[in-house]
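Chemist: The primary structure of each chain is shown beneath.
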Amino acid sequence: MNRLLNYIRESLARRLSLWITMMAALIFIVTLGYMFSASRKAVRNESIAHATELLNSTALRVNAMLEKVKIATDNIDWLVARHLDGPDSMFVYSRRILINNPDLKGCSISFEPYYFKEKGQYFSAYSLNENGVITTEEQGSNTYQYFYMDWYLQAKLRQAPCWTEPYNDYQEQVLSSTETIMSYCKPLYDPKDSTFVGVMSTDLALSWLSQTISAVKPYPNSYSIMLGRGGTYFVHPDSTKLSLQTIFTETLEKPNPQLTALGKAMTNGEEGMMELPIDGVDSYVFYKPLGDTGWSTAIICPESDIFGGFIKYQRVVWIIIAIGLLLMMTVLSKILERQLKPLGRLAYQAETIAGGKFDETLPTTTRFDEIGKLNQSFSNMQKSLVKYIEELTITTANKERIEGELRIAREIQMGMVPRLFPAFPERDDIDLYASMTPAKEVGGDLYDFFIQHNKMYFCIGDVSGKGVPASLFMAVTRNLFRVVAQQELPPAEIARQINDTLSEDNEQGMFVTMFIGILDLQTGKLDFCNCGHNPPVIDGKFMEMEPNTPLGLFGGIDFIGETIDDIEDSMMLLYTDGLNEAENVEHEQFGDDRLLDYMAQNTSTAKTTILTIQKMVAAFVGEAEPSDDLTMLCLKLKEINK
Amino acid sequence: MKKLLHNRFVNVIALIVVLCLLGCQGKKAEGTDNVTVDALTQADDIVKLPDSKDNTIVFTPQWTPQAQFAGYYVAKELGMYDQYGLDVKIEHPTSTYSAIDRIRSNQSHATTLQLLQAMEIIDNGIPMVNILQTSMNNALAIVAKEGNNPLNMKSKRVGIWSAGFDQLPICMNIKENLGLEWVRIASNVNLFLSGDLDAITVMTYNEYYQLVQAGVEITDENLFRFDNSDYNIQEDGVYVTRDYYLKHQMQSKAFAAASKKGWEWTAAHPEEALDIVMKYVNEYHIATNRIMQRLMLEEIIKLQKDHETGKQEFKLKREMVEKASELMHEYGLLANEVSYEEIMP
Chain A
1 MNRLLNYIRE SLARRLSLWI TMMAALIFIV TLGYMFSASR KAVRNESIAH ATELLNSTAL
61 RVNAMLEKVK IATDNIDWLV ARHLDGPDSM FVYSRRILIN NPDLKGCSIS FEPYYFKEKG
121 QYFSAYSLNE NGVITTEEQG SNTYQYFYMD WYLQAKLRQA PCWTEPYNDY QEQVLSSTET
181 IMSYCKPLYD PKDSTFVGVM STDLALSWLS QTISAVKPYP NSYSIMLGRG GTYFVHPDST
241 KLSLQTIFTE TLEKPNPQLT ALGKAMTNGE EGMMELPIDG VDSYVFYKPL GDTGWSTAII
301 CPESDIFGGF IKYQRVVWII IAIGLLLMMT VLSKILERQL KPLGRLAYQA ETIAGGKFDE
361 TLPTTTRFDE IGKLNQSFSN MQKSLVKYIE ELTITTANKE RIEGELRIAR EIQMGMVPRL
421 FPAFPERDDI DLYASMTPAK EVGGDLYDFF IQHNKMYFCI GDVSGKGVPA SLFMAVTRNL
481 FRVVAQQELP PAEIARQIND TLSEDNEQGM FVTMFIGILD LQTGKLDFCN CGHNPPVIDG
541 KFMEMEPNTP LGLFGGIDFI GETIDDIEDS MMLLYTDGLN EAENVEHEQF GDDRLLDYMA
601 QNTSTAKTTI LTIQKMVAAF VGEAEPSDDL TMLCLKLKEI NK
Chain B
1 MKKLLHNRFV NVIALIVVLC LLGCQGKKAE GTDNVTVDAL TQADDIVKLP DSKDNTIVFT
61 PQWTPQAQFA GYYVAKELGM YDQYGLDVKI EHPTSTYSAI DRIRSNQSHA TTLQLLQAME
121 IIDNGIPMVN ILQTSMNNAL AIVAKEGNNP LNMKSKRVGI WSAGFDQLPI CMNIKENLGL
181 EWVRIASNVN LFLSGDLDAI TVMTYNEYYQ LVQAGVEITD ENLFRFDNSD YNIQEDGVYV
241 TRDYYLKHQM QSKAFAAASK KGWEWTAAHP EEALDIVMKY VNEYHIATNR IMQRLMLEEI
301 IKLQKDHETG KQEFKLKREM VEKASELMHE YGLLANEVSY EEIMP
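As given, the protein sequences belong to chains A and B, one line each in that order.
Residues in the first sequence are numbered consecutively from 1, following the working numbering.
Residues in the second sequence are numbered consecutively from 1, following the working numbering.
It is possible that part of the hints are untrue.
Said to hold, decoys possible - Within a straight-line C-alpha distance of at most 27 Å, the following computed DSS-like cross-link-like pairs (lysine-lysine) qualify: (1) K455/A x K541/A; (2) K302/B x K254/A; (3) K279/B x K89/B; (4) K288/A x K68/A; (5) K156/B x K156/A; (6) K638/A x K525/A; (7) K302/B x K315/B; (8) K260/B x K279/B; (9) K323/B x K154/B; (10) K145/B x K264/A; (11) K70/A x K288/A; (12) K241/A x K317/B; (13) K260/B x K302/B; (14) K302/B x K145/B; (15) K145/B x K288/A; (16) K455/A x K525/A; (17) K154/B x K156/A; (18) K217/A x K41/A; (19) K192/A x K217/A; (20) K253/B x K53/B; (21) K279/B x K254/A; (22) K156/A x K302/B; (23) K241/A x K217/A; (24) K399/A x K440/A; (25) K254/A x K145/B; (26) K264/A x K156/B; (27) K317/B x K247/B; (28) K261/B x K89/B; (29) K315/B x K247/B; (30) K525/A x K615/A.
Claimed, not checked - Sample of chain B residues with no beta-carbon within 10 Å of chain A, all distances over it, derived: (31) S52; (32) N188; (33) A268.
No lab work stands behind these hints: they were computed from the structure.
By construction, the Cβ of each residue, glycine as well, lies at the ideal position given by its N, Cα and C atoms.
Use the sequences and the hints to build the structure in full.
Modeler: Structure (structure tokens):
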């Protein structure tokens, strides 16, 4: 499945042709579905009309035959009524009716017990037509008490002519039909006083009815049935059901509401049509009562027969459409593939170009449709790309050269500040550590320190701006500090001289904030001058000091120096604003509080202090880019050699 | 379906096993003189009669083949009569020659009769002896047209058999002053279905199901069952003439014992028994079907079970005989009362 999907997905032509075919299929399904539904209704209506017509004509034929029996009986019964005084004449009448109507099976003229005194309890004149031979006999005995028979009692009780259920009247050693018969029974009354005297019964063989009804076969697998009043099958192609089962029999063990409903409708003498499975086959059943007999006939047509032709036609149409759609999809796919071929070539070329072969020649085309335009655009894009790549190559080479130079500059710059710690291994009283981390390759921060005549000269500074200009200004400033400080001047004077030098020809207006300090290692006295720099932290607090302007802005100005008498055992941290203004991704600053909190509790060495603060800053900044150079210098005078 | 097949398979196997056992038993019995009792017959308390021409019994049930007589067909087909050394021939009556006619003319030795029928016959001077009582309940019922109460149909036409089985309804009609108008009919339900009768007397194992099979809706409203009333009088039993009994006591007892076994086996194996019934039904071309015969058999077995014990008791109750005799005598169906002793051996 996945392979098929991938096969479709990898080709635009296939996808397009599939979509178009699917749309076409949808239209076909909707249209033909509607058409077939309407056609099915038409076929169904036609079948109903056809079957109903057949059923009606069958019922007419049966009724005509039944009517014939009635007429034959009516033609004789008046004679019987006129000759109630002559029992022997009854033999003549029962015989005559069969002679006049060869279709009839038998006829009996039977009387109430002891009606004819001379004949005793039983008197029934019976004639039977057996293959054209008519035999007449007197019937009735202790073993054949005819007046308890249905055919006698029904007419007697009803006091009107009626038809019996088909029945088997065969009796050994007595003249009787071996066939199943049904009888038209008419009560006989004495014309003098209208008293009931007996019954005239005319018999018809069920086989005649069976043949007439069974012959009705509108479809190859359809068949007809006839039910008696109690739903008994009297006509059915399955002979094991004849006279033995009713339409309800199988529902006694396996309830079948549809079959029960059909049975009820038929035994109630209704006319109509039902759709239900008969013996597991979906069928249409058309039923109709047979006159006033109480019997009902039905034609059972399997649905597959009624719709057989239609379903075949429907299948052929669906197959044609399916093949057509497949063909359409294939042809469409080929056409689209051909039309989209330049796109494929273009895709290949683009891939080649993407692989680095920028000079790959694009296919030429004479087309001026969308694909032609795309080809042209792609060609233009390729030219632009080639040009851009050339420029990029040069730029990249230049950048690499500059970066190389900057790396060297960085090394030089880093070499300008003392980086070897412990800086004074011969002295145990000085705990000093410093670090400088430029935000870019080179930075504008600086620090420096040296000892001369038992005094330590040190400074920390931050040049305005970043990068190369700041680094050059830093280099100048650091050199100036070394040169001026070695003259053993006080910090304010050092600041003044550096300021004067820097402010000369300072067209760029650059400046540097700076803290300059001189620590007397013998007394612990600290002289310092702060030129616009962040106040150092000493003993966990910011130092309080006079403000001075940064160096390099204005020449010829004086600076105020200050003194702290003794900073023995005090830890002093000098830093640039890269520390307290370090920002995280949310643009929050590291801030003074964190710094002071840490420094207030800090009792570790200068190196540990700086490395810890570096870690704190790194953790605070996280993924954010460094915004400024970070420089720190930590100093503690532990022991004074006074 | 699978379960059904499985059940049938198990039943067929059970039938084969029983037949094999009986066959083995028969073989063992061969060549033995006088009364031979083998292991199986000992366990079942079967005593084989000594060989005699008197061991031939012609048995005629009171009606054409149907599940009502399943136990006798089973006893015959499974060799239960043979086990007792009996040679039983089952010969059915015809429409022109009834079972009692055959008894009278000595063509049959044993028949089935309803208790009230037997009492009438005894009252008419033919002493009959009950050698096995199968029914413990009355199977009569009256079914009225839908929406009618069978006991509230004064002057309405109610069909009743011309061939008999009418004693109890007639007594009840008089005693309860129901005012039903009896119409004697042949043995089917057609006149009720055609609407020419307002109600019909039925046997709950026979005509009742013919009505159901004809789509008639039968509810508690339009049905009256005698077994749910004070008229629950026992019915079918096996009878021989007293004369025959006195001369053939061993044979009569053996026939009763084997028949009883036949009924017990039938109750335990209804589907296999039904196979045997259908063999007889088809042989005699009876207009019925397996479903109807199954329903009939179920009802017959139900009627054979005593209301109190829930078991097949095979026992004629003295109080039943006394009640029936009193009832029939009171309403003129018996000239003289018939005692329990007159019926029993």
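Chemist: Which earlier hints can't be squared with this structure?
Modeler: 12, 19, 22, 30, 32
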